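Protein chains: 2
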Amino acid sequence: MTKRGGDDEKAFLSSYRPKDYARPAVAVDLVVLTILDAKLRVLLIKRQDHPFKGAWALPGGFVRVAEGQKEQGEDLDAAASRELAEETGLTADRVFLEQLYTFGRAGRDPRMRVISVAHYALVRPDLAPLVRAGGDAAHAEWVLAEGLHKLELAFDHRDIVEKALERIRGKLEYSNIAFDLVPTTFTIPELRSVHAIVLGKEMDPGNFRRRFNRMLEDGVLEKAPGKRITTSKPATVYRFRPGRAA
Amino acid sequence: MTKRGGDDEKAFLSSYRPKDYARPAVAVDLVVLTILDAKLRVLLIKRQDHPFKGAWALPGGFVRVAEGQKEQGEDLDAAASRELAEETGLTADRVFLEQLYTFGRAGRDPRMRVISVAHYALVRPDLAPLVRAGGDAAHAEWVLAEGLHKLELAFDHRDIVEKALERIRGKLEYSNIAFDLVPTTFTIPELRSVHAIVLGKEMDPGNFRRRFNRMLEDGVLEKAPGKRITTSKPATVYRFRPGRAA
DNA sequence: TAAATAGTGTCTATGAGACATTATGTA
DNA sequence: TACATAATGTCTCATAGACACTATTTA
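Chains R and L, in that order, are what the protein sequence lines are. Numbering of the first sequence is given in this note's numbering, commencing with residue 7 and proceeding in unit increments. Numbering of the second sequence is given in this note's numbering, commencing with residue 7 and proceeding in unit increments.
Note that these hints are calculated values from the structure, not bench results. Given the structure is predicted, the values throughout are model-derived calculations rather than measurements. Heads up, a few of these hints could be off.
The list cannot tell twin chains apart, which means a pair is met if one copy fits it or any two copies do.
In silico lysine-lysine, DSBU-like type, Cα no more than 30 angstroms apart, as pairs [what the hints assert, rightly or not]:
| hint | residue 1 | residue 2 |
| --- | --- | --- |
| 1 | Lys207 | Lys233 |
| 2 | Lys233 | Lys45 |
| 3 | Lys156 | Lys207 |
| 4 | Lys177 | Lys76 |
Given these sequences and hints, build the entire structure.
Structural data, given as structure tokens:
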């Protein structure tokens, strides 16, 4: 077995020339989700140019690639974070961001072969209003997820959104992503409403509370100061423990 | 809103010239899994060339891309099926094949920027011996999954295999993928051993049988003719109903 | 008939679902 | 004090886990 990084391999690499095969363009597209006014919403951009001029599209852009062997450009998740920052002003450390699926059907972009590594992001509602429509993101809007079928979406972006919604609905049951769709402090009823909004059905208050209390006992959550302004009994406010589990 | 495919857009497309940005090469890599001799195994290929000469690598290859607007090459899943057929002789209709995750870290291939859309495949053990080491797959071998940490794997292929193992362990619990790791007819103890092998822990025979019987009642499975040659009481043989649920 | 494995039954703990009831803060 | 909603409690049912026991086929 030849040792990795040996002289032999170094020689090979320095004389290596990539063959002149056709390459696809590779993009990252982002399904940025939030809950605003008790509705699940997707950040979409109205296209100003062809193709699909006037249709809604996901924010995204091409992955930066360099031709060198040492310098090869940015990682995929770096590209996703960068696009998120560029198009929303939100830094990735404040937002849940995860790779979703890669869409590469031939012909999905009429201009040329484009393979899109789709990601999805969850923006807490207290950050959502901060999204500044800057750069490419002029004409960005939080569009109702439930109203998407009426809209014209560019490329295969409808499939991508659908996949993202499937993913979060599935993950909501067994993971902690609900906490990324709620302000940093939250009440049990607020969290319960996230489930209701995403899954489209009400959870039983008592049963939901029971699950929640198990998490409390496990130390994932803790009480937080402050209270909500209500017209009746205000609910207890909670937050995450500093070093929480994902 | 401009109508999709209007004259305006046609004119745009015919005059469209892709900008001369650097593009990555895009590959599909395959984690082909089977169970042989009661062990989970991965199909690996010993690399004959630099880089990573002599190390084990996943089968895979570049996605075929065309430069045209109408003709853009093959779909990602088509590329995965094609690679599977080329490197194993197995046609995709006999094998469970699914996209896994996309690996695109800069520098993961020392030659140039390569983004790999990883897939995983489950081969039923009765098909596994048919894998013919043809084409690129000369020097292909069914390597023990549990012994992988001792081996030198090329590129980031260890991460890819790890991701595939995580995925099937997770899916084993809530999906029917176990049936793709067992011959077309099978007994309850055989199916139970798949769980034991993949998850690394024995399931209780009685409890497993209970779950299995629920599937029987749901009509997903049915009794099949034939019996196993054993030294004691042979188990009942089952198979899928023709139009089974995934 | 003995050995080995298939197959059945049972007890308990846990969690989900449905729903009734009590507690508490606000107007 | 009335109202609204938070918070608690209870009953039932489905399922997982642990484990004892019976049945059947082969050598």
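So, going through the hints one by one against the coordinates:
In this homomeric assembly, Lys207 and Lys233 come within 30 angstroms of each other (Cα to Cα) only inside a single copy, at 26 angstroms, whereas the closest approach across copies is 47 angstroms. In this assembly of identical chains, Lys233 and Lys45 lie within 30 angstroms of each other by CA distance solely inside one copy; the values are 23 angstroms within and 56 angstroms between copies. For the identical chains of this complex, Lys156 and Lys207 are intra-copy neighbours only, at 22 angstroms inside a copy versus 49 angstroms across copies, given an alpha-carbon limit of 30 angstroms. With identical chains, the CA atoms of Lys177 and Lys76 are never at most 30 angstroms apart, being 37 angstroms at best within one copy and 38 angstroms at best between copies.
When held up to the earlier numbered hints, the structure conflicts with hint 4 and nothing else.
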